[in-house]
Amino acid sequence: MSAPARSLETASQVDGFGSRLVWAVSDTLVLTRRNLVKYVRIPESLFFSSVQPVMFVLLFRYVFGGAIRTPGVSYVNYLIPGIFVQTMAFGAVNTAIGLAEDLQKGIIERFRALPMARSSVLAARTLADLLRNVGVAVLIAAVGFAVGFRIGTSVAAFLAGIGMILVFAYALSWGFAVIGLFAPNSETAQVMSFPVLFPLTFASSAFVPVASMPSWLQGFASHQPVSVAVDAARALMVGGPTTSAVWQSVAWSVGIVVVLAPVAVRRYRTST
Amino acid sequence: MTYAIEAHELAKRFKGGVVALDGVSFVVEEGTVFGLLGPNGAGKTTVVRILTTILGTDGGSATVLGHDVSREPDLVRSLFGLAGQYAAVDENLTGRENLVMVGRLNHLPRKVAERRAAELLDEFELAGAADRTLKTYSGGMRRRIDLAAALVTRPSVLFLDEPTTGLDPQSRAGLWAVIEGLVDSGTTVLLTTQYLEEADRLASRVAVVDNGRVISQGTPDELKAALGATVLAVGLHDAATAEQAERALAPLSEKSPHRSGTAVEIPVDGGPRIAMEALRVLDQLGIEPVSFVLREPSLDDVFLALTGRSAEGAAWEGVPGAPGSNEVEVAPQARPGRSAGVRR
Chain X
558 MSAPARSLET ASQVDGFGSR LVWAVSDTLV LTRRNLVKYV RIPESLFFSS
608 VQPVMFVLLF RYVFGGAIRT PGVSYVNYLI PGIFVQTMAF GAVNTAIGLA
658 EDLQKGIIER FRALPMARSS VLAARTLADL LRNVGVAVLI AAVGFAVGFR
708 IGTSVAAFLA GIGMILVFAY ALSWGFAVIG LFAPNSETAQ VMSFPVLFPL
758 TFASSAFVPV ASMPSWLQGF ASHQPVSVAV DAARALMVGG PTTSAVWQSV
808 AWSVGIVVVL APVAVRRYRT ST
Chain U
37 MTYAIEAHEL AKRFKGGVVA LDGVSFVVEE GTVFGLLGPN GAGKTTVVRI
87 LTTILGTDGG SATVLGHDVS REPDLVRSLF GLAGQYAAVD ENLTGRENLV
137 MVGRLNHLPR KVAERRAAEL LDEFELAGAA DRTLKTYSGG MRRRIDLAAA
187 LVTRPSVLFL DEPTTGLDPQ SRAGLWAVIE GLVDSGTTVL LTTQYLEEAD
237 RLASRVAVVD NGRVISQGTP DELKAALGAT VLAVGLHDAA TAEQAERALA
287 PLSEKSPHRS GTAVEIPVDG GPRIAMEALR VLDQLGIEPV SFVLREPSLD
337 DVFLALTGRS AEGAAWEGVP GAPGSNEVEV APQARPGRSA GVRR
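Residue numbers (this note's numbering), protein chains in the order written: chain X, 558 to 829; chain U, 37 to 380.
The shape of chain X in the complex, shown without the other chains (with noise of 0.2 angstroms):
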């Protein structure tokens, strides 16, 4: 007896890679839509964690920022290059908690036992995320310039600046999605997430110079990856010596992706 024929046209699953190429990328696709929906199905969720960035915008011009010196650039120019990385990076939370929800609601489940290509569900949670920091972006810019920010150099180095930090947050999204696939759950992967981002968003040279910290946090605030793309961003978008910066920046960006991308593989392969 065979298996009576299936009476709907599925393609082969077994076409070759150029097919299984094809595929990955429609079921990429496809799940970041789904992704993204999200966004626009709770509203709420939407304008609160726009919110959020304002305000430290805010609190940053207005509140702390007169206590602070920055020699040689106006706080709000010093500021806003800060704000940039420190909004995406809080936003590469997104990716962990969205996968330890989908892991959670046992969607992933479903995913598992669909012929749809295995590397799809990570690719599209990161790439949704970064399609999420790009509507960020265009907020910070123009809150930004609202209170006051000028570009100092061209706005196509501005642009560079702003395309360098959403590779810096893509490359984040990744570290992210190892927490979020080994928490138990979203509120979980949530917690475990502010360790590990306060200390980097923080101890970093977004909001105050390295210099005005003590001695034994400078090596770390200077060298971390948070500092590195803030510093990065700040030359290609107010001024000074791009070149170095920049590589450094993307040189993190990287080898965060190479550490941690095949971690999230790996473990998104066996969690169950």
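Be a bit skeptical, because a hint or two may be false.
Label-pair restraints from in silico Cβ distances [unchecked claim]:
no.: 1; chain 1: U; residue 1: Gly-222; chain 2: X; residue 2: Arg-675; range: 26 to 34 angstroms
no.: 2; chain 1: U; residue 1: Glu-45; chain 2: X; residue 2: Arg-823; range: 37 to 45 angstroms
no.: 3; chain 1: X; residue 1: Phe-574; chain 2: U; residue 2: Ala-154; range: 29 to 37 angstroms
no.: 4; chain 1: U; residue 1: Gly-222; chain 2: X; residue 2: Val-582; range: 32 to 40 angstroms
Negatives, chain X to chain U, calculated, CB over 10 angstroms [what the hints assert, rightly or not]:
no.: 5; residue: Ile-654
no.: 6; residue: Pro-672
no.: 7; residue: Gly-720
If you are wondering where the hints come from, they were derived from the structure by calculation, not from laboratory data. In this text, all values refer to a predicted model and were calculated from it rather than measured experimentally. The beta-carbon is built from N, C-alpha and C at its ideal position, and this holds for glycine as well.
Here the structure of chain X is known, so what remains is to put chain U in place on it, guided by the hints.
Relative to the frame of chain X, chain U by itself:
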């Protein structure tokens, strides 16, 4: 002959040495419904997860429509549909979007996926709610959309993991009718359930699973024949009276009574005639029962008959069926998130 599903000596061990499956074997003929019956944690879901390629095995082998699940997982995934107790659907998407998404991930062209989604929404009487997000759906509607999602590609093999656990009786009856319709059209179904009644109604063969092993296999009638047609459950005032009643009632049935606390249960074949006889015997001894019920055998009775112990241990003891009940007695357990329960 090729079977739609073959499981051969499946073994699975989880972290910490917990043995989830300890040599599970069975075959499912094409176009039939096979029931895996057992309590929570027996290993039913683990079997389904292995057969659907979600989980690897630590031993044994399995095929779906002749294809090995560990050697040809990609091919196998395109052959079956899976629906289950978790109703794994996206609650932020509408019913239609969920079905189209599953169609697209099955690599149907967009037009075909959309047409198929519309068909299924009609078939499952969800057309009116098609463009609402699943958040607004009731539990029964979610199970229906979950089942519809499993049928997007019209698979010839369908895995249903506790499809009605936690549903109200009306939604359950509705889902049963849908499943029966699928079987009439030739679909092979592997169903896991905690409800003897469900296995009896839907399955042509049943395997009883306990502690990762199949402890009995046969038709539902064979299974019930081992039990007696009904169970007489008598509740007494105190343990001493219960003991007395147990002795007095024992001669009424070929099967031995089971007593726990103040309750006595006996599988019987005669039904009302035995009940009258039992009341007469008790009356002669001057024993007045607190409760007196004839009910359909439950999973727990199957376990008592097969293993001499209750399916879920002491938690169930001393709880005779509610008056007039052939309704479900196993309280559906709250889904335990991503904790141990899901891993079984």
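Quick one: work out the minimum CB distance from Pro-672(X) to chain U and report holds if it exceeds 10 angstroms, violated otherwise.
violated, 4 angstroms
Given the range 37 to 45 angstroms, decide if the beta-carbon distance of Glu-45(U) to Arg-823(X) lies inside it.
violated, 29 angstroms
Is it the case that Gly-720(X) keeps its Cβ farther than 10 angstroms from each residue Cβ in chain U?
holds, 30 angstroms
Would you assess whether Ile-654(X), listed as outside the interface, keeps its beta-carbon beyond 10 angstroms of every beta-carbon in chain U?
holds, 14 angstroms
Is it true that the C-beta distance of Gly-222(U) to Val-582(X) lies inside 32 to 40 angstroms, as the hint says?
Between Gly-222(U) and Val-582(X), where Cβ atoms are some 35 angstroms apart, the hint holds.
With 26 to 34 angstroms as the target window, see if Gly-222(U) and Arg-675(X) comply at their CB atoms.
For Arg-675(X) against Gly-222(U), whose Cβ atoms are near 31 angstroms apart, the range 26 to 34 angstroms holds.
Could you see if the CB distance from Phe-574(X) to Ala-154(U) stays within 29 to 37 angstroms?
Taking Cβ atoms as reference, Phe-574(X) and Ala-154(U) lie about 34 angstroms apart, which means the hint holds.
Hint compliance for this structure: hints 2, 6 are broken, all remaining hints hold.
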